[in-house]
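If you read the sequences in order, they're chains A and B.
End of the first sequence = 578 in our numbering, gap-free, step of one.
End of the second sequence = 385 in our numbering, gap-free, step of one.
No lab work stands behind these hints, which were simulated from the structure alone.
There may be inaccurate statements among the hints.
[Said to hold, decoys possible] Derived list of chain B stretches under chain A, where covered just means 3 residues or more per stretch with a C-beta under 8 angstroms from a C-beta of chain A: (1) 157-167; (2) 177-191; (3) 332-339; (4) 354-362.
[What the hints assert, rightly or not] Derived DEER-like restraints, expressed as beta-carbon distance ranges: (5) B:GLY303 <-> A:GLU495: 51 to 61 angstroms; (6) A:GLU566 <-> B:SER250: 51 to 61 angstroms; (7) B:GLU308 <-> A:ASP156: 24 to 34 angstroms; (8) B:ASN310 <-> A:GLU566: 35 to 45 angstroms; (9) B:SER250 <-> A:SER265: 20 to 30 angstroms; (10) B:ASP271 <-> A:LEU543: 29 to 39 angstroms; (11) B:ASN310 <-> A:GLY327: 56 to 66 angstroms; (12) A:ASP156 <-> B:GLY212: 50 to 60 angstroms; (13) A:ARG297 <-> B:ALA343: 41 to 51 angstroms; (14) A:ASP404 <-> B:VAL229: 27 to 37 angstroms; (15) B:GLU370 <-> A:THR283: 18 to 28 angstroms; (16) A:GLU566 <-> B:THR371: 25 to 35 angstroms; (17) B:VAL229 <-> A:LYS518: 22 to 32 angstroms; (18) B:GLU370 <-> A:ARG496: 45 to 55 angstroms.
Just so it is clear, CB atoms sit at the ideal spot from N, CA and C, and this is done for glycine as well.
One-letter residues, chain by chain:
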Amino acid sequence: MEIKSMHFKANASAKLADVVLQGNLKNAKGKFVTKRAQAIKDLDDFEGTRDAAEAIRNKVIDNLDLWLERFEQKAMDTGATVLWAKDGAEVCRLVTEIAKKHGVKKVTKSKSMLSEEAGLNQALEAAGIQPVETDLGEYILQVDNNEPPSHIIAPAVHKSLDDVADLFHKVHGTPRKTEIPALTREAREVLRGHFLSAEMGLSGGNFLVAETGSVALVTNEGNGRMVTTMPKVHVVITGIEKVIPTLEDLSTLMRLLPRSATGQPISNYFSILTGVKKPAEHDGPEHLYFVLVDSGRADVVGTDFHAILRCIRCGACMNHCPVYQTIGGHAYGWVYPGPMGSVLTPLYAGMENSIDLPHAATLCNQCGVVCPVKIPLPDLLRKLREKQTERGLRPITERIGLRVWAWVAQRPKLYALGASVGARYLKWLAGDTDRIRLLPTAPEWTLGRDFPAPQGKTFRELYAARRSATPRT
Amino acid sequence: MARVRVAMFVTCLVDLMRPRIGFAALKLLENAGCEVIVPDTQTCCGQPAWNSGDAPGAVALAKKTIAEFEGFEYVVVPSGSCGEHIRVEYPRLFAGEPDWRDRATALASRTYELTDFLVTVLKVDSVPGDYEGTVTYHDSCSGLRGLGIKQQPRALLAKVKGVSLKEMNGCEECCGFGGTFSIKFGEVSAAIAERKCDNVLASGAQAVVGGDLGCLLNIEGKLRRMGDETTQVLHVAEVLAGRT
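Take the sequences, apply the hints, and build the full model.
Pasting the structure below:
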């Protein structure tokens with residue numbers, strides 16, 4: 106996917122001014138946050154389960170090569186083919202080749218963020234193969250001129266009921282419907298024909314189970330089952346970090362994933378798919394391919410950012426992020442928004458393309474405390490800021506400003522003088538009021554709020570005066 | 142009991158913007174029987190440098206602060222944010238310097254956010270403040286999620302004659318300040334602050350009270366820009382200490 110993260114600030118401004126979006130974000134926030142909080146409360150031992158989940162994910166990413174080889178062997182034993190893709194371009198090439206090999210004209214897709222990373226739909230279309238998104242949210246986006254998702258589990262969360270009603274009326278040429286069940290039925294009617302005619306199904310994978318060579322899929326709409334069992338070919342595309350050791354581990358992680366994501370104790374559909382259709386079986390694909398994608402992941406192993414590989418893509422960090430809640434996912438400019446996205450985008454799509462993202466966080470750690478696998482997201486964002494500074498990627502004025510400030514702060518007398526001049530200057534700006542309407546030294550502050558006036562003298566001045574007035578014993 | 146010897150880390154924001162918060166903290170500590178020293182060479186704990194990706198600057202300021210404060214029995218900070226930086230982050234700054242890491246860890250273990258110190262260490266049973274009215278409490282992020290400051294300020298406010306606490310919706314949500322975030326992404330920051338202020342106003346409280354001046358300046362600035370001229374914005378130390 107083309108990266109637009111370099112325009113974060115301008116995009117964020119536009120999103121703030123979008124009244125419809127602001128309303129949609131407000132609705133979504135309430136749903137996700139409230140439901141998750143209840144679901145977590147219902148769990149016997151959330152913190153203990155989190156610790157266990159963290160340990161499982163660490164076990165894998167600390168020896169990723171080993172677990173991937175185990176998975177590969179087991180998957181091959183079940184009749185699957187395991188392919189490795191270095192980057193998005195290779196994903197596109199491999200999937201197109203598979204499609205051509207099996208004479209595929211149409212591909213039904215269940216949700217896959219990896220296919221967004223790779224820009225797979227465009228590649229398939231260019232090769233004359235029709236991709237059909239079947240997740241309702243992804244379908245909405247696809248028929249809306251291939252709009253990118255704004256959330257990793259609720260891709261069309263930025264759209265309102267009215268938006269979708271207008272869209273379906275336009276693209277389906279049907280009377281405008283305003284009830285959700287009616288709109289859903291309309292999408293199902295369109296998709297049903299595609300499910301029946303597609304020769305290939307394409308899905309992501311929430312987890313790859315090394316012990317059995319299986320892929321686990323967590324979905325809420327049932328489209329995943331159609332995509333993975335009806336066509337003769339099933340292709341799973343997922344990141345290499347998604348492997349876990351055992352089914353027992355899967356059960357632990359599944360206690361957290363749906364609860365963290367949507368506040369459900371279990372998703373409506375939960376599938377564990379193993380191997381190709383055996384001779385006596387009625388359902389399942391004749392051909393099963395795993396396309397395991399690196400796209401920057403292997404380079405993160407063993408670095409300061411290793412912990413981000415634990416991520417199980419629940420979306421809780423963005424649902425709880427004050428910045429995401431305020432501007433939505435599109436402003437972030439790439440596949441993954443919110444706190445996890447602000448870590449992943451610089452790592453996978455280039456630090457120089459996403460200068461703003463690690464800074465676009467208040468470091469409130471709301472993301473860190475909800476993360477089911479305990480990724481210290483604020484620490485990782487801070488570390489990225491440090492890397493930017495080391496690589497000279499920050500604006501020169503900021504670098505010099507910080508240097509000068511730190512230099513002065515190490516010299517108490519100079520600092521005290523600076524502070525007392527500063528306090529007087531700010532007081533002067535406020536005049537005889539209690540606030541500053543326009544702060545020349547930091548105009549961004551006063552764009553949307555006032556800056557309260559200081560008292561006018563520093564603590565150290567007043568304290569020294571008080572002590573000299575009342576000498577102590 | 143011998144008087145507890147406490148060094149106060151005033152914080153750069155209180156020094157520059159609101160000295161009265163420093164004096165309120167001083168009064169609270171002295172009232173509780175502490176001998177309070179305010180080392181006059183103190184400047185900033187270095188958190189802005191650390192959060193801006195300037196590790197060398199953060200390390201230099203941490204060393205300076207450690208050297209100034211490590212001789213005291215306790216260090217008390219009227220800020221959850223600076224308190225968290227010293228208590229939680231300092232020991233992590235010195236991975237490659239074991240001597241400094243040990244000194245940082247020792248200082249960290251004796252450093253407390255003001256309300257935490259009053260409740261946990263001093264176990265005060267009265268405070269000098271008197272405030273007539275309803276207040277709502279904003280839980281600042283670093284104090285809440287970094288230091289576990291939640292019940293301490295509420296327990297102390299309950300001891301102030303005349304105060305009644307009315308919790309607002311989303312009291313644990315970020316106000317949008319975020320240090321340099323507030324001036325790098327001013328519009329987004331102010332939009333987050335607006336949600337906080339909506340909750341403050343909806344609570345109907347006369348004053349919003351908090352433990353971090355950064356958040357309070359943000360909330361006050363937004364309330365005033367929204368046209369609210371009546372809601373007071375106060376540091377918890379001001380309410381607890383009364384007139385200084």
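Quiz item: Quick check: which numbered hints come out false for this structure?
Solution: 6, 9, 11, 12 and 15
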